[in-house]
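> Join the two chains into one complex using the hints; note that each chain is given alone, in its own frame.
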Amino acid sequence: MSIEKRKVSEKVVIINYGAGNIQSIKFALERLGYEGVLSHDAEEIKSADKVIFPGVGEASSAMKKLKSTGLDKLIPLLKQPVLGICLGMQLMCNRSEEGDTDGLGIFDVDVIHFEKTLKVPHIGWNRIKELKTPLFEGVAEQKFVYLVHSFYAPVCAETIAKCDYGVNYSSALNKDNFYGVQFHPEKSSSAGEKILENFLKLDLRS
Amino acid sequence: MLTKRIIPCLDIKDGRTVKGVNFVSLRDAGDPVELAEAYSNSGADELVFLDITATEQKRKTLAELVRKVAATVNIPFTVGGGISSIEDVDILLQNGADKVAINSAAVKNPQLINDLAAKFGKQCIVVAIDAKQVEGKWLVHLVGGKVPTEIDLFDWVKEVEERGAGEILFTSMDHDGTKAGFANEALAKISEMVNIPIIASGGAGSKEHFCDAFIKGKADAALAASVFHFKEIEIKDLKQEMKEKGIEVRI
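As you go down the protein sequences, you meet chains F and V in turn.
For the record, in the first sequence the residue sitting at position 158 is 158 according to the working numbering, with numbers rising by one throughout.
For the record, in the second sequence the residue sitting at position 212 is 212 according to the working numbering, with numbers rising by one throughout.
With the rest of the complex left out, here is chain V (with noise of 0.2 Å):
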């Protein structure tokens, strides 16, 4: 049986870690080659590094960093955060990332995500979507949750797939540094949609919040930032929760 997977989240700015309580206020983590060994001995499935201040200086900093965590580390990670073009892929790929996550450019252009699935396989491609309930409708949101679209959040979910992405990875804007649980509601209404693994992020407080999320919200994985970066939650703890719920588990 296929595991559920437990990430952690590496929030990047200037090649240190660094995570935003509902992506305002930033705090200093640690260093992120270091963090990754340490949450790969640990027992995380996989990390994701997203460099929230990705402008085009970034490009060589973070491929930079991509080559120094795929030499340190060996489990898979993904990297996003301002990707944009076909070129942005092929840089973070060819240093050792496993996968991508686009965002916001898929939004914008969403003929993207054809394109990096054709010219990569869709396995290495996950769209990463942020949304927030909007009079009571969920909407995808831009920018790191600050600028609102029209979009659905479920229609968007069906195009992505159909468009070939090869995961999801959805994050709750409501739920996002609340420390109050994931949205199993909106998550096992997406996961039931699609046909492609979903990535659960927002909101996680506690290690019963993460088995909700695999139970009621029926993800594949789920991510996490500063309750693993704080140690309010250790990986080994979680999972050996997870393994007497029934959840299957890689121990």
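Chain F extracted, bound-state conformation (with noise of 0.2 Å):
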């Protein structure tokens, strides 16, 4: 009763820069009880007690959207726990290969192609290994989430999930309130959304 409450009164901002599938995010939401508001408004997003930072499609297309609403200078700034997926990872990071498109510099790394004698994007489902943080609290070792992406971030000291495609890399990242997710977990069924759900619930930890 009381986790219920709880759940209808956490604000969850979806920042809506016009860059991807944000509707599935906020149906994935809506499945683990909590309802998610798109929006692009700098107010909205600092009174948020969660904010989603979704992405899907071209790192330097985004980067302009970002920059064209001031979004990129008020995004490395907020202090509530912030989760990027898939291309709002890769955003957050120093740079893009792709594009080459300077990045939010919140994670300490360049993301860069894939070799191209693997077949590009890295399209399905792949295992995730070496989980870290409370990001990951209940989910096993090697499970499996669905990607979709061409480029990707190396380990590096940020790095809290693995995943293996000809090369081992960052599935996720995560910086003091800053967490980023490469594969998207609003579509990576259970297991998704129980790493949805422990970012949800991130901060009533403590």
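By construction, these hints were calculated from the structure, which means they are not laboratory data.
Worth double-checking, as some hints may not be accurate.
Said to hold, decoys possible - Taking lysine-lysine pairs in the DSSO-like style, the calculated list, with each CA pair at most 27 Å apart, reads:
id, chain 1, residue 1, chain 2, residue 2
1, V, Lys216, F, Lys119
2, F, Lys119, V, Lys158
3, F, Lys119, V, Lys189
4, F, Lys119, V, Lys132
5, V, Lys119, F, Lys64
6, F, Lys73, V, Lys119
7, V, Lys158, F, Lys116
8, V, Lys68, F, Lys116
9, F, Lys194, V, Lys236
10, F, Lys129, V, Lys119
11, V, Lys119, F, Lys119
12, V, Lys132, V, Lys216
13, V, Lys68, F, Lys194
14, F, Lys175, F, Lys64
15, V, Lys245, F, Lys46
16, F, Lys67, V, Lys179
17, F, Lys116, V, Lys218
18, F, Lys119, V, Lys68
19, F, Lys129, V, Lys245
20, V, Lys216, F, Lys65
21, F, Lys194, V, Lys243
Here is the structure:
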């Protein structure tokens, strides 16, 4: 009963900057009992308990959209838990090889393209391993998640999950209140929903 | 390791699921949303919805269906059937589709592939290709396989990759509905030619056929409809068999 009430009062904002399939994230939140608010308004985002930063598409054009709304300045200053998904995670890194794009510089790593010998995009279900932080609490090692991407963040000090596609790379990153996942938790069946739920509960643990 | 994907295909007409045998006779196999959820629970890796009667009026109905599916299932899905413009794709993606499949429209206007890839990213653009052998030559066919073209299958495969397709869904019209196995020879040739994932379609009749499509046909994913709709093959059993044959699979 109290859990249900808590869920309703939690304000989750999904940053809507015209990049990607945000409807699916909103639906996934609804399945977990949360209401996601789609917004690009600075005040709305700042007042959220949790912020989800999605992204699908090409890095440089997504970054342009962020800059045109000033969100590139706002996001790195957020204090509440922030979850970047897919391209959202990549844009939180220093830079991306895709379109030679400067990122938000939250994660200290450069995003690069997969080896040309591999089938790209890396589309489908792959395993995540070496899971760290409460984001993966209750998620077994080697669980399958759904991914669609052509660029990746190499393993670095901020890596909290790895995935193997020709190379071991960062499937998730964490620095302070910022989290990023390369996979799509909203499309990764029950494992994905568990990870989303862990994120939504992050500050309730303290 | 990336797993091989099993993809049930739901052919949609008037908001209901149908499956044509060789695309001619239609049989009703249930409510798409219910079926989608059942497949998601039974271990399907992805779903494909093909609106086989896509016309102007169908746009809204299809968008509504996409929205209902997206609200219900937690695995990715692709929507196709009569998609011919950026606006068509925009509506479907905004309602929660993960990918769209374009077919005839891409043949008529190949630039559409470039435009869609540039606007939405290649990861959500699946180019569906229907082909059959005419005098020993694989030719691309249009309108659900009814209209032949002069276009060579393998030339077209190469071209759609260069133009920005994220995946290719290859249906052999010679095999579709036969339940005699996938077009493994053509599949393997396509798979070796390009560097994007290939989804095999047409001819699934047994678990063995799927394994062959992955091992002999080198496909990245395999799609089927009636064998799943009529429970001739259970996805759980199929995946178990794949695993026993050493095929990487999500169980």
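> For which of the previously enumerated hints does the structure constitute a violation, in increasing order of number?
8, 10, 15, 16, 18 and 20
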